[in-house]
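Next come the chains, spelled out residue by residue.
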Amino acid sequence: MRTRTFAAFGASAVLALGVTACGSDDNTDSTTAASGAATSTAAESTPSFTGSINAGGSTFAKPVYDTWGANLKAQGLSFNYAGTGSGAGIAGVTDGTLDFGGSDSATDDDELKAAEKKNGDVLNIPMFFGAVTASYNVEGVKTGLKLDGETLANIFLGDVTTWNDKQIADQNPGVTLPSSKITVVHRSDESGTTKAFLSYLGAYSKKWEDGPGVDKSVKWPTGTGAKGNDGVAAAIKQTPNSIGYVEQAYALNNDFTYASLKNKAGNYVDPTLESVSAAGDSVEVPADLRFAIGNAEGDQTYPDASATFVVVAKDLCKAGKTEAVAKDIKGFLTYGLAAGQDEAKKLAYAPLPDSVKTKAQAAVDSLECNGAPIAATR
Amino acid sequence: MESSTVKAPTDAGARLRDHLARTKTGSWLDPWVKGALTALAGLIFVLLAYFLIKLFVEARPVFAAYGVLDFVFKVDWLPSQDTYGAGALVAGTVITSIVALIIGVPVAVATALFVTELAPVKLRGLISGTLELLAAVPSVVYGLWGFLFLAPKIKGIEQWFADTFSFIPFIGGEVSAANYFITGLILAIMIIPIVSAISREVMATVPADQKEAALALGATRWEMIRSTVLPYSRAGIVGGSMLGLGRALGETIAVAILIGGATSGVGDSLFSQGSTLASVIALEFQEATASPEHRAALIGAGLLLFAVTLVINAVARGYISRAESRLVRAEKDAKKAAAASAAGEAPKGPSLMSRVPRPHLPELVTSLSGRKRVDSIARGSVGFLTGVALLPLVALLAFLVIRGGGAISWDFFTTDPTGAAGAVSNANRFLGGDAAASTAGQDLGGIRSAIVGSLEVVGLAAVVVVPIGIAVAVYLVEYGQGTWFGGFVRYLVDVMTGVPSVVFGLFVYISLVVSQVGGVPFAGWKASVALGLLMLPIVINSSLPVLRLVPSALREAALALGVPRWKVILRIVLPTALPGLVTGALLAIARAAGETAPIIFTAGVATALVGDPNGPLNTLPAQIYADVTASSSAQHDRAWGAALTLVVLILLLSLVARLAQRRSRIS
Amino acid sequence: MSTDPQTPTRDTSIADGVETPLQTPASIAADPATKAARPAVTGTGHEVTLKNVKSFYGDNMAVKGVDLEYRANQVTAMIGPSGCGKSTLLRSINRMHEEIPGARVEGEILLDGVDINATGTDVVAIRRMIGMVFQRPNPFPTMSIRENVAAGLKFNKVKDVDHDERVEWALRGAGLWDEVKDRLNAPGVGLSGGQQQRLCIARTIAIKPDVILMDEPCSALDPIATLKVEELIQELKQEFTIVLVTHNMQQAARVGDRTAFMYLGDLVEVDETSKIFTNPSDTRTEEYVSGKFS
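Heads up: the protein sequence lines correspond to chains U, L and S, in order.
What the first sequence shows, in our numbering, is residues -19 to 358, in sequence order.
What the second sequence shows, in our numbering, is residues 2 to 668, in sequence order.
What the third sequence shows, in our numbering, is residues 4 to 297, in sequence order.
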């Protein structure tokens, strides 16, 4: 099988094998891998597809994946992505019901262990960054309400209950705040967006850290829940004087107003492409690519940014996928890390910094089918 | 009879022996046909046994870890911390069902009274027709309407109510957009058609002589209703309400859309968020498969739901059959009395008149004008409640037609939905990017793949299950009558009827999807299996009475002509029952076409038009569910359009079913 | 259940005015299809002899050992009060009785000397030789008149007979041809009650059985229709051996060549009809025919 693949796919297969050969020992630190990845990316700018990918998970990343899928439709890809939440995305990879899972936080050790029990090695591949916005629906209050982590935590703890509470008012001189009660909206499903948001709250509020804690789902002290970014967005839209957290694309899509959050340097920063990208600049990426960009250093860094990951079995065929699907997955991810980055940008997500992108592509190139590297073009 | 070429026999006996030896009657097939039908009926047992064992085995870890009582009553359901006490879910199930009964039953009974006793004849057909129409609306459409229209509209009223009556326990506080009350309200609207239909049936059986006796004693119309109609039909009303309760308990999708999904606590008021056993299964099953505890807990919740529904349905059937047997007894009495009087004998025992219950005329209201006032108030209230019932129902239909009609165009039916959300234009505005590049992402597309997928999934289920269902019904009527096995299968079918559709969905999910039978996890044919499990008892139950109606005289006539039993079934029984069988099958198909919960567990997510059922398929209910839970109004529009399409398809099926019924040759 | 409300009496004035369009027996006998279907033994009909026949419903014995001879080309009328077992006995002869769950028949039932109640005998083949007409007319509702008559031929895949010819023959034999010949494709259930019963008789004779069992064939008919069927029975016996169960003693007297009286599951006596009604040998028979009990 291996020799036939060699013969049929020639140079690019050799390259891919080379990458794997180097990368399998050490995924992160290899100049050969980096250059190999760059070359293969160029060669595969128009990959063609044969079948369908059935993925799901993170609703945070869904708009981008769906757009990528739509763009690749002309090349023969049938792409389906179920927005079921990051938890479901990881679960789907673990039990094999999904071809890959989307998650906004890298898998934690327990999840990785569970997933690898059945699938062998499982990779976390970062795809792009996004901002978790604290969106609110308060009449007369525009985008840019200034909030720090502790105030936000107190709101979600139910300690700050009205919009004109002193804690909010002190940070926002000159803004007329109503005395109406705050309705908190949160996710009801297991969500990477939640984990990213709560890690911001937890960083500034010991009460939060010790109470509900930081996880994909927690015991909420107050508020109403909704499923998915979409559900939270719909609930905010329907509920006057509410506040919740959604990925920026959802906030923009619904014309929401959202807060400027106080970062580590003490500045209130709006979620913009620049401020989110900045969060990635200073990040240290470990070998297994499991990192987070919340509350990062930098003057103009948005503190509630999140990277989104594709969680996927390293040996796709051993995890039960056909070779054709394995090829399609590799092609899809390769596209996403190349031309797809611009598409993400159009949807107000921040592209990966080059250094991270190289490592991500190396990880994509290390995907295997029954121990052999996958040729991404045919 | 091919013995015509035989040599002339020497005597009559030899001729007969010759005939017996040579005639091919086809009767050798009889034991085989009987065996095959018995095996099919046995299949029901195997299926149900496997179903129960599978659920028990899968749920065992959670019962082992918590104990049954703790699992059922402990309020502590927190998947991220791996704690599973279903108390809050049980409470949510009970609360929403009680709300549904408190609101739904009086209104349903009032409509039944209005239609059978008070309404002008012209109105009767119209009202019961409207109610039947609403029984055909699938639950995802109720969820859609409740979520997008009703919930925002009545939130102010809910808040006012909560503030005003905050002294009542469990009322007050902040009203959440999604809450127990709104869920219960939608459930009430959903159960009104079924409770009303059964109440109407029972009320229609109140003997006219009893009613006339009351009126002749000078009772007002309302007094007549109170003294004869209501007491007489009480058992039927209770039974109908229990059936409604069974439906409310197992309802999934509408609840999942409306209840919010909080699981960690019961909440502090009727207007808090929560979860039910059914909704938690639908909302969490995808997250649960990676964690064995979570998965076991959800299956435990499914088992619990199944057990409760089973009990409720059994009690309901008990009440309804009591009401029916009383009717049969009354008819027998009447016949006996008639026969006796025809024979010129004096009726033995109590006279006809003495068996009419003496109406309990309210003694407090002595003046005629006072009684008249009570009468008109009561009749007015019944009429008013009927209006209350019809109002949301009419609003739902009107909204469906207006909003759905607005979304529909030629392209709507001829293009597939695009996965890309309509986020692009706003993002571009935010980024100051070019607007031209954004138009591509804006197009949501139509629902072609959903329509085709629904036809595929439901069609596949129907092609397999309708023949099996009819075959089992044939077994029960032709062979199983009076045998213990027949009675046993009959009971199993009743049990199967009570399984909430979400539990079937979960069952197929754990037994076919997760184990990747057929090489793929989610697949259209697996959705067909789930729908088929749902349809099977419906097909059997609707075929049974039709087959029983085929006069046994016809069977005997054919048997006496020297036709083997299997041919009698094939050529006489089935053709005679055909219109009724078609009606039953179509109604089962219509019911399955609107089911959402089993489909989201099994068919996966797809947008493109797919022909191969061994892979994810889009369906109308799944499309509606996905769109209603989205935040963009363009997707909401598509949900309305898809809902209208689905309802029209289901109504067409029901209409054809009605026409088939009208063609029936058996009266 | 001890009451028998049925008391139709023959109204001679009406009966005299009725035309009876019957085929001559000769034309039936000469029908070529008769021979084509099964070699008929010209001149001699077929006999049924019962030897110690017992019929059970579960453990309950409804017929308690009957020995009886049904003579060829005769009408044997079976009378007796309700529940005496006469219908059960009748249904035992063509083994319809055992279609009831738990029901069985013991003893020998000899058709032309062959025991058709022996194990291993194909009941379906037997029923093709012993036709049956029921209490209430039961034409197949999904079929036209023509299809009803031809039903037995079609179900049994009889191919060497011209169905149309046989339908006409059977309808003529049942005295129905002139009434329905213009609407053979109309549904059978559209006929009147009496016509329906004659249609059922036509359906039965169309497969040319040896014996015809009739289970109170006139009990659902009005007096005029009853008369027509009775006259038809008289004609049919030229070709068939007929067993007639009736509640109506006048009918037995009018139609029966021999009459059997059953009581409480036993055959009390069987004899020439005139003897049963004028000079029965058993007192129970006498009490019954004289209306002392019913």
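Treat the hints with caution; some may be incorrect.
Said to hold, decoys possible - Some residues of chain U that are not near chain L, with every Cβ distance over 10 angstroms (derived):
1. Thr64
2. Asp139
3. Val198
4. Lys298
Said to hold, decoys possible - Quick list of the computed label-pair ranges, beta carbon to beta carbon:
5. Asp62/S - Gln517/L: 34 to 44 angstroms
6. Val402/L - Arg139/S: 47 to 57 angstroms
7. Leu610/L - Gly105/S: 39 to 49 angstroms
8. Glu189/U - Val402/L: 50 to 60 angstroms
9. Asp250/U - Asp444/L: 46 to 56 angstroms
10. Asp62/S - Val76/L: 53 to 63 angstroms
11. Asp118/S - Lys25/L: 17 to 27 angstroms
Treat the hints as calculated values from the structure; they're not laboratory data.
For every residue, glycine included, the Cβ atom is placed at its ideal position computed from N, Cα and C.
How the hints compare with the structure:
Separation of Thr64/U from chain L is inadequate, the least Cβ-Cβ distance of about 5 angstroms not exceeding the 10 angstroms criterion. Residue placement check: Asp139/U keeps its beta carbon more than 10 angstroms from all beta carbons of chain L (closest about 15 angstroms). Its closest Cβ contact with chain L, about 6 angstroms, brings Val198/U to no more than 10 angstroms, contrary to its assignment away from the interface. Every CB of chain L lies more than 10 angstroms from the CB of Lys298/U, the least distance being 14 angstroms, so the non-interface label holds.
Against the hinted window of 34 to 44 angstroms, the Cβ-Cβ separation of Asp62/S and Gln517/L comes to about 56 angstroms, which falls outside the hint. Our hint of 47 to 57 angstroms for Val402/L and Arg139/S holds, since their Cβ atoms are close to 51 angstroms apart. A hinted range of 39 to 49 angstroms is violated for the C-beta pair Leu610/L and Gly105/S, which are about 57 angstroms apart. Between Glu189/U and Val402/L the C-beta distance comes to about 53 angstroms, which sits within the given range of 50 to 60 angstroms.
About 30 angstroms separates the C-beta atoms of Asp250/U and Asp444/L, a value inconsistent with the hinted range of 46 to 56 angstroms. Between Asp62/S and Val76/L the beta carbons are some 59 angstroms apart, a value that agrees with the proposed interval 53 to 63 angstroms. Checked against the given bound of 17 to 27 angstroms, the beta carbons of Asp118/S and Lys25/L, roughly 21 angstroms apart, stay inside it.
Checked against the numbered hints given earlier, the structure breaks hints 1, 3, 5, 7, 9 and satisfies all the rest.
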